Amino acid sequence: MQMIETDKAPKAIGPYSQAVKYENFLFISGQIAIDPQTQQFTGGTVEEQTELIMKNIGAILEEAGLNYNHIIKTTIYLKNIEDFQKVNEVYGRFFVEHKPARATVEVSNLPKGALVEIEAVAGI
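For the sequence shown, my numbering assigns the number 20 to the initial residue and increments by one for each residue that follows.
Keep in mind the hints are simulated off the structure, nothing from the lab. Fair warning: there could be bad hints in the mix.
What the hints assert, rightly or not - Within a straight-line C-alpha distance of at most 25 Å, the following computed DMTMM-like cross-link-like pairs (lysine to aspartate or glutamate) qualify: (1) K40 to E66; (2) K27 to E42; (3) K27 to E101; (4) K92 to E125; (5) K118 to E138; (6) K40 to E67; (7) K27 to E67; (8) K27 to E125; (9) K74 to E116; (10) K105 to E70; (11) K105 to E125; (12) K92 to E66; (13) K30 to E42; (14) K98 to E116; (15) K105 to E82; (16) K105 to E42; (17) K118 to E70; (18) K92 to E116.
As the structure is a computational prediction, the values presented were derived from the model and not from experiment.
All chains, please: the whole structure from these sequences, using the hints.
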């Protein structure tokens with residue numbers, strides 16, 4: 020097992036790793052819209068949050084020598100399921116050829132008042 024950490028993505032805000040590589044998998048912890056430069060939650064619209072989250076996931080993938088095409092499964096947590104289409108529009112730009120399996124669920128609350136959180140599993 021190997022912990023993956025990069026300064027190009029937000030530091031963990033709790034007792035967890037940005038990602039963990041185990042055998043042929045990379046498990047990326049749930050990401051919210053935290054700017055890796057300032058370590059501050061950016062807020063904004065659900066589209067802006069999704070864009071930053073996906074870029075942060077990309078930075079973690081890159082640190083592990085991978086890219087978005089290696090993602091095999093994501094889970095999206097939404098504060099409001101009515102944002103589903105807005106998130107899809109942004110999320111879809113990161114998966115043109117390859118489309119991973121996915122679950123999307125509405126939750127009652129997310130850390131720092133986030134509107135969306137995304138976690139991912141990649142194959143190595």
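Are K40 and E66 close enough, with their CA atoms no more than 25 Å apart?
Distance ~29 Å between K40 and E66 Cα, so the pair is violated.
If you draw a straight line from the CA of K40 to the CA of E67, is it 25 Å or shorter?
violated (28 Å)
Does the structure keep K92 and E125 at a Cα separation of 25 Å or less?
Roughly 17 Å separates the two Cα atoms, so the pair holds.
Straight-line alpha-carbon gap K118 to E70, limit 25 Å
holds (17 Å)
Verify the proposed pairing of K98 with E116, using a straight-line Cα cut of 25 Å.
Answer violated: K98 to E116 is near 28 Å, above 25 Å.
Given pair status - E101, K27, alpha carbons within 25 Å
Distance ~30 Å between K27 and E101 Cα, so the pair is violated.
Just to be careful, I want the Cα atoms of K27 and E42 compared with a cutoff of 25 Å; is the pair within it?
Distance ~24 Å between K27 and E42 Cα, so the pair holds.
Starting from K105, check that the Cα of E125 is at most 25 Å away, please.
holds (14 Å)
Hint check: K118 vs E138, CA-CA at most 25 Å. Holds or violated?
holds (15 Å)
For the pair we were handed, K105 and E70, check the Cα-Cα distance against 25 Å.
Holds, at roughly 11 Å.
Given pair status - E42, K30, alpha carbons within 25 Å:
Measuring from Cα to Cα gives roughly 23 Å; hence the hint holds.
Restraint check for K27 with E125, where alpha carbons must lie at most 25 Å apart:
violated (28 Å)
In the structure shown, a violation is registered for the earlier hints numbered 1, 3, 6, 8, 14, 15 and 16, in ascending order.
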